[in-house]
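The listed protein sequences derive, respectively, from chains Z and C. Following the numbering used here, the numbering of the first sequence begins with 580 at its first residue and continues without gaps. Following the numbering used here, the numbering of the second sequence begins with 580 at its first residue and continues without gaps.
Careful: at least some of the hints might be erroneous.
Pairs count within a copy or across copies, as identical chains cannot be separated in the list.
As the list claims (entries may be wrong) - Derived pair list, reagent style SDA-like, types lysine to any residue, alpha-carbon separation capped at 20 Å:
1. Lys614 / Asn777
2. Lys614 / Thr774
3. Lys743 / Glu753
4. Lys743 / His769
5. Lys655 / Ser665
6. Lys655 / Ile766
7. Lys743 / Arg756
8. Lys743 / Leu805
No lab work stands behind these hints: they were computed from the structure. All values derive from a computational prediction rather than experimental measurement.
Each chain, written out:
There are 2 protein chains.
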Amino acid sequence: MTQNIYDDPGFFQGYSQLNRSIGGLDAAPEWPALKAMLPSMHDLQVVDLGCGYGWFCRWASEQGALDVLGLDVSEKMLQRARDTTSAGNIHYERADLEQLDLPTCTYDLAYSSLALHYIKDLAGLFATLHAALKPGAHFVFSIEHPIFMAPRNPGWLIDHEGRKRWPLDSYQMEGERVTDWLAEGVIKQHRTMGTLLNALIDAGFSLRQVNEWGPSDAQVAAQPALAEERERPMMMLVAVQR
Amino acid sequence: MTQNIYDDPGFFQGYSQLNRSIGGLDAAPEWPALKAMLPSMHDLQVVDLGCGYGWFCRWASEQGALDVLGLDVSEKMLQRARDTTSAGNIHYERADLEQLDLPTCTYDLAYSSLALHYIKDLAGLFATLHAALKPGAHFVFSIEHPIFMAPRNPGWLIDHEGRKRWPLDSYQMEGERVTDWLAEGVIKQHRTMGTLLNALIDAGFSLRQVNEWGPSDAQVAAQPALAEERERPMMMLVAVQR
Numbered sequence: 580m581t582q583n584i585y586d587d588p589g590f591f592q593g594y595s596q597l598n599r600s601i602g603g604l605d606a607a608p609e610w611p612a613l614k615a616m617l618p619s620m621h622d623l624q625v626v627d628l629g630c631g632y633g634w635f636c637r638w639a640s641e642q643g644a645l646d647v648l649g650l651d652v653s654e655k656m657l658q659r660a661r662d663t664t665s666a667g668n669i670h671y672e673r674a675d676l677e678q679l680d681l682p683t684c685t686y687d688l689a690y691s692s693l694a695l696h697y698i699k700d701l702a703g704l705f706a707t708l709h710a711a712l713k714p715g716a717h718f719v720f721s722i723e724h725p726i727f728m729a730p731r732n733p734g735w736l737i738d739h740e741g742r743k744r745w746p747l748d749s750y751q752m753e754g755e756r757v758t759d760w761l762a763e764g765v766i767k768q769h770r771t772m773g774t775l776l777n778a779l780i781d782a783g784f785s786l787r788q789v790n791e792w793g794p795s796d797a798q799v800a801a802q803p804a805l806a807e808e809r810e811r812p813m814m815m816l817v818a819v820q821r
Numbered sequence: 580m581t582q583n584i585y586d587d588p589g590f591f592q593g594y595s596q597l598n599r600s601i602g603g604l605d606a607a608p609e610w611p612a613l614k615a616m617l618p619s620m621h622d623l624q625v626v627d628l629g630c631g632y633g634w635f636c637r638w639a640s641e642q643g644a645l646d647v648l649g650l651d652v653s654e655k656m657l658q659r660a661r662d663t664t665s666a667g668n669i670h671y672e673r674a675d676l677e678q679l680d681l682p683t684c685t686y687d688l689a690y691s692s693l694a695l696h697y698i699k700d701l702a703g704l705f706a707t708l709h710a711a712l713k714p715g716a717h718f719v720f721s722i723e724h725p726i727f728m729a730p731r732n733p734g735w736l737i738d739h740e741g742r743k744r745w746p747l748d749s750y751q752m753e754g755e756r757v758t759d760w761l762a763e764g765v766i767k768q769h770r771t772m773g774t775l776l777n778a779l780i781d782a783g784f785s786l787r788q789v790n791e792w793g794p795s796d797a798q799v800a801a802q803p804a805l806a807e808e809r810e811r812p813m814m815m816l817v818a819v820q821r
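Looking at chain Z on its own, in the form it has when it is part of the complex (with noise of 0.2 Å):
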């Protein structure tokens, strides 16, 4: 089972702290561009995967998706979204993405953002979302991207001309990552970007596009922290379809 950090009491209170999770979607400055590569959301079956708050179940309930189906492993979240961003047509179950059980050829659009670097058989995660997906469906999705991951030691240098690097090693060292963030002891899973993308096409998808987000000029400009995302990828977005 894949491990259940968002209930850590810790975890929690900090993560219910971070600017997506107050401000939602909007907050996430990655959203813009994840939110182009999705289809029109009207009269689809959607499936969220580590669907958190369920910020996007609702705003897809609201785009006139058909039924909204938001997974998540951690209770305390799927309370708080059942609080906040429930709807008629939106349904949240608690799931282990690393043991899903989905109905066959069902959805439309399978949906997750920044769930999939936790799990450890992503291989079999992407068998079994084929296999939930109606042919011609979409597949859309946010992780961490493997330059982020990959660092034993993660953490910016400065350089003599105060210019931020990202120092990266172990890259093609696959498997678990071990991180403070928010709490001790948060597993992640990196793999090689080549790994992934290679997983989905090997689990009979079609890749249609991969972004390695980065922030535009307005984004720098109302939020000079995000600078930073210039250096190095943080987090990939890509789309494929059955």
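With the hints as your guide, set chain C onto chain Z.
For chain C alone, coordinates are given in the frame of chain Z:
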């Protein structure tokens, strides 16, 4: 026109002394991985973009390719190729890959080894190639990895534990990178992995495999200097299909 650094006397002299120049395909540590991505050569019409000394052209010919066209911008490289790797079904021609003119629907395989990072208009080249390939034909290439190319001042750092780290910066800033490698002022074109893959997809190719090459245990045992290639990828191997 692409910078023709290979005809610079100093560069050519330095290049001719590289392991891979003396030992051919088997001296390039990524060759086994690249070869595994190739279809059977039997009866194929092959074009090699940036053929250099013609090692691949000769190999393809020996493996049963029907005809092999080797293209390079460097007259010196072509002369050496004609002198040392010729065969009745290999034709060497001078060509600028930025201005490529190929017959449509003709080739079963396009191949390129470590040449495409010199190309500015990669989208244009991919469109030309897509038109020159038969439906179902393969395009297999290696290219310098964006992680390797991005930094303004590329080079290793050694941390306090003696581990090599590769400081990355400027990843999102695409465009020219000027480095001194065998000669001063070698111009390469940095683009993100996303931009490269999307250009292939937009040209109409289906992605088949992405390999961010790293050495095997046996290769590191035989050539300990290769160990650093595990810390950050230096090249990408990509297979797509029309």
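Against the structure, the hints come out as follows:
In this assembly of identical chains, Lys614 and Asn777 lie within 20 Å of each other by CA distance solely across copies; the values are 17 Å between and 24 Å within a copy. In this assembly of identical chains, Lys614 and Thr774 lie within 20 Å of each other by CA distance solely across copies; the values are 18 Å between and 25 Å within a copy. Taking identical chains as interchangeable, the C-alpha atoms of Lys743 and Glu753 lie at most 20 Å apart only when they sit on different chains, with a minimum of 17 Å there against 25 Å within one chain. With identical chains, the CA atoms of Lys743 and His769 are at most 20 Å apart between copies only, with a shortest distance of 19 Å across copies and 23 Å within one.
In this assembly of identical chains, Lys655 and Ser665 lie within 20 Å of each other by CA distance solely inside one copy; the values are 15 Å within and 69 Å between copies. In the homo-oligomer, the alpha carbons of Lys655 and Ile766 lie at most 20 Å apart inside one protomer (19 Å), although the nearest pairing across protomers, at 53 Å, exceeds that limit. Proximity of Lys743 to Arg756 under the C-alpha cut-off of 20 Å is restricted to the inter-copy arrangement: shortest distance 18 Å between copies versus 22 Å within a copy. Only within a single protomer do Lys743 and Leu805 lie at most 20 Å apart by alpha-carbon distance; the minimum there is 12 Å, versus 27 Å between protomers.
Of the numbered hints listed earlier, not one is contradicted by the structure.
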